[in-house]
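Participant: Take a look at the letters that make up each chain.
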Amino acid sequence: MKTIYLDHVATNPLNPEVLEAMLPYFRERYGNPLSLYEPGMKAREAIENARESTASLINAKSKEIIFTASGAEANNFALKGIAYANQSKGKHIIISKIEHHSVLNTARFLEKSGFAVTYLPVDNNGMVKPSDVEKAITKETILISIIHASPEIGTIEPIEEISKIAKQKGIIMHTDAVASAGNIPVNVQSLGVDLLSFAAHQFYGPKGAAAIYIKEGTRIVPLIYGGIQEGGRRAGTENVPAIVGMGKAAELTRINLQKRIDHIKPLRDRLISNALKVDKILLTGHPEQRLPGHASFVVEYIEGEAMLLLLAAKGIYCASGSACSSKALKASPVLISIGIPAHLAQGSVVFTLGEDTTEEDINYFNETFPQIISRLREISPYAKGWEGMEGSSCTAKK
Amino acid sequence: MSAAEVITNLQDVSRLKFLDKPIDADATTDIIYMMCPMHLLTIEDKIKEINTGEILSILTDYDGALEDIPGWCDKTGNEFMGIYEDTDHYKFFIRKVKESK
Numbered sequence: 095m096k097t098i099y100l101d102h103v104a105t106n107p108l109n110p111e112v113l114e115a116m117l118p119y120f121r122e123r124y125g126n127p128l129s130l131y132e133p134g135m136k137a138r139e140a141i142e143n144a145r146e147s148t149a150s151l152i153n154a155k156s157k158e159i160i161f162t163a164s165g166a167e168a169n170n171f172a173l174k175g176i177a178y179a180n181q182s183k184g185k186h187i188i189i190s191k192i193e194h195h196s197v198l199n200t201a202r203f204l205e206k207s208g209f210a211v212t213y214l215p216v217d218n219n220g221m222v223k224p225s226d227v228e229k230a231i232t233k234e235t236i237l238i239s240i241i242h243a244s245p246e247i248g249t250i251e252p253i254e255e256i257s258k259i260a261k262q263k264g265i266i267m268h269t270d271a272v273a274s275a276g277n278i279p280v281n282v283q284s285l286g287v288d289l290l291s292f293a294a295h296q297f298y299g300p301k302g303a304a305a306i307y308i309k310e311g312t313r314i315v316p317l318i319y320g321g322i323q324e325g326g327r328r329a330g331t332e333n334v335p336a337i338v339g340m341g342k343a344a345e346l347t348r349i350n351l352q353k354r355i356d357h358i359k360p361l362r363d364r365l366i367s368n369a370l371k372v373d374k375i376l377l378t379g380h381p382e383q384r385l386p387g388h389a390s391f392v393v394e395y396i397e398g399e400a401m402l403l404l405l406a407a408k409g410i411y412c413a414s415g416s417a418c419s420s421k422a423l424k425a426s427p428v429l430i431s432i433g434i435p436a437h438l439a440q441g442s443v444v445f446t447l448g449e450d451t452t453e454e455d456i457n458y459f460n461e462t463f464p465q466i467i468s469r470l471r472e473i474s475p476y477a478k479g480w481e482g483m484e485g486s487s488c489t490a491k492k
Numbered sequence: 006m007s008a009a010e011v012i013t014n015l016q017d018v019s020r021l022k023f024l025d026k027p028i029d030a031d032a033t034t035d036i037i038y039m040m041c042p043m044h045l046l047t048i049e050d051k052i053k054e055i056n057t058g059e060i061l062s063i064l065t066d067y068d069g070a071l072e073d074i075p076g077w078c079d080k081t082g083n084e085f086m087g088i089y090e091d092t093d094h095y096k097f098f099i100r101k102v103k104e105s106k
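For the record, the sequence lines run as chains Y and U. With the numbering used here applied, the first sequence corresponds to residues 95 to 492, in that order. With the numbering used here applied, the second sequence corresponds to residues 6 to 106, in that order.
I should point out that these hints are in silico values taken from the structure, not numbers from a laboratory. Possibly wrong hints are sitting among the right ones.
As the list claims (entries may be wrong) - Cut-off 30 Å, straight-line C-alpha distance, at most; resulting in silico cross-link-like pairs (DSSO-like, lysine-lysine):
1. Y/Lys229 - Y/Lys191
2. Y/Lys371 - Y/Lys359
3. Y/Lys183 - U/Lys26
4. Y/Lys263 - U/Lys96
5. U/Lys80 - U/Lys51
6. Y/Lys155 - Y/Lys258
7. Y/Lys183 - U/Lys51
8. Y/Lys155 - U/Lys53
9. U/Lys96 - Y/Lys174
10. U/Lys22 - U/Lys96
11. Y/Lys309 - U/Lys96
12. U/Lys53 - Y/Lys309
13. Y/Lys261 - U/Lys51
14. U/Lys51 - Y/Lys136
15. U/Lys96 - Y/Lys261
16. Y/Lys301 - Y/Lys261
17. Y/Lys185 - U/Lys22
18. U/Lys96 - Y/Lys157
19. U/Lys51 - Y/Lys155
20. Y/Lys183 - U/Lys80
Build the full structure now, drawing on both the sequences and the hints.
Facilitator: Put into structure tokens, the structure is as follows:
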């Protein structure tokens, strides 16, 4: 059976060139980068080259890049590190309601540790209003962390504007760019952020390699203490193959990014316009300001999980909102935040395209998806309407 | 731990020179929240970047620096000018005496 991978926001296949670059560091180039003899020095050199290439993907300086093991670690480091380094100035943090769990739950942890957190609402397209950020700022505010692009609804947030406000007030600005870096141009200078998290497997690099940009001169408390790796800010023997892979993936992405976007976006637009022909389906997230390969919907009277399974049976792999909604059958907090009623949020489905997605894949999808919806609606107990359910139909809203 | 408490734990306090006000430095490096041996590695790097006769200031909250930095100066022949105790960190001042390798 033909399989079509439409879950590129979950992860991406490793680029074969990236794998080739990594392999020697699993085999003969096994030296510890801290060792002072030849193999160690070679490993150090490889890491520093990867750092330079990773930095240039986001227009940063090499010394502003700290490698981590995941985007989640980078987000934890940003929030905890900045909160603890600045707690003498104030103990208030601002985030949005549509942050990734690695930001959201870290903020909740900090709340338990005596910090105050404001969770900003978003509009129906999932946009944070810069004026809301401004209103939320107090004399105690030390950090603003807003996601660059939502992996669940694809919306790209107005980070430049928010950073300007933060800068005026002398507040540190972080953005979680895990879903955006490698998919759209990400430039720390024009974004104006002090910290930015991103992960290699989002741009055809390996899992287990991510990085945080920390603007020169920003004080941060380490998350992991130990040795002098990463300038003493992130101890632990470096994952040399993964870091080398991230560097290679960043290098290829810098060259291919526009080509990828030009390939993916028209296919995505076709997928969206075709899917919207289905009765009672709603595009979630911003119609234009969204990730180029991202299409997310809620389908009425149907559960996301059921769509997922039937699509998988037809060889189409996709996601149903956040891990939270697909594993725990809970309504996704992101969908609730954009005003989708809880029962409708169950019908969430997310398709994300990649550079390997083809015209034929989309044709096959466009043919299969409506069939699956009709089939599920035939057996859905709610197909005649949401009798007895709270709220009303989503189609009335847009 | 306050500076006074740290000093009582030190073997040799004669090298510690506390200043009433900070010295104007030619270069500054901020390693607050970094621990041993980042303070010494940073000095090694930074001292190479300045000219002989110029002053480097190191901002640190690491107590071990009180012993280590004057010791490093003795060992390398650079001049340890003193420590200024700021609200939540120390400022160390070193004058580069000779070109380091």
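Participant: If a hint holds in the structure, say so; if it doesn't, say that too.
Facilitator: Comparing the hints with the structure gives:
1. Y/Lys229 - Y/Lys191: OK: lysine 229 of chain Y and lysine 191 of chain Y at ~16 Å, within 30 Å.
2. Y/Lys371 - Y/Lys359: OK: lysine 371 of chain Y and lysine 359 of chain Y at ~19 Å, within 30 Å.
3. Y/Lys183 - U/Lys26: Satisfied, since the Cα-Cα distance of roughly 23 Å is no more than 30 Å.
4. Y/Lys263 - U/Lys96: Satisfied, since the Cα-Cα distance of roughly 27 Å is no more than 30 Å.
5. U/Lys80 - U/Lys51: The hint holds at about 17 Å.
6. Y/Lys155 - Y/Lys258: 21 Å, holds
7. Y/Lys183 - U/Lys51: 29 Å, holds
8. Y/Lys155 - U/Lys53: At roughly 20 Å apart (the allowed maximum being 30 Å), lysine 53 of chain U and lysine 155 of chain Y satisfy the hint.
9. U/Lys96 - Y/Lys174: Holds. Lysine 96 of chain U to lysine 174 of chain Y sits at ~25 Å (cutoff 30 Å).
10. U/Lys22 - U/Lys96: It holds: about 12 Å lies between the C-alpha atoms, which stays within 30 Å.
11. Y/Lys309 - U/Lys96: 22 Å, holds
12. U/Lys53 - Y/Lys309: 23 Å, holds
13. Y/Lys261 - U/Lys51: 29 Å, holds
14. U/Lys51 - Y/Lys136: Holds, at about 24 Å.
15. U/Lys96 - Y/Lys261: 27 Å, holds
16. Y/Lys301 - Y/Lys261: 33 Å, violated
17. Y/Lys185 - U/Lys22: 35 Å, violated
18. U/Lys96 - Y/Lys157: 23 Å, holds
19. U/Lys51 - Y/Lys155: 18 Å, holds
20. Y/Lys183 - U/Lys80: 38 Å, violated
Checked against the numbered hints above, the structure breaks hints 16, 17, 20 and satisfies the rest.
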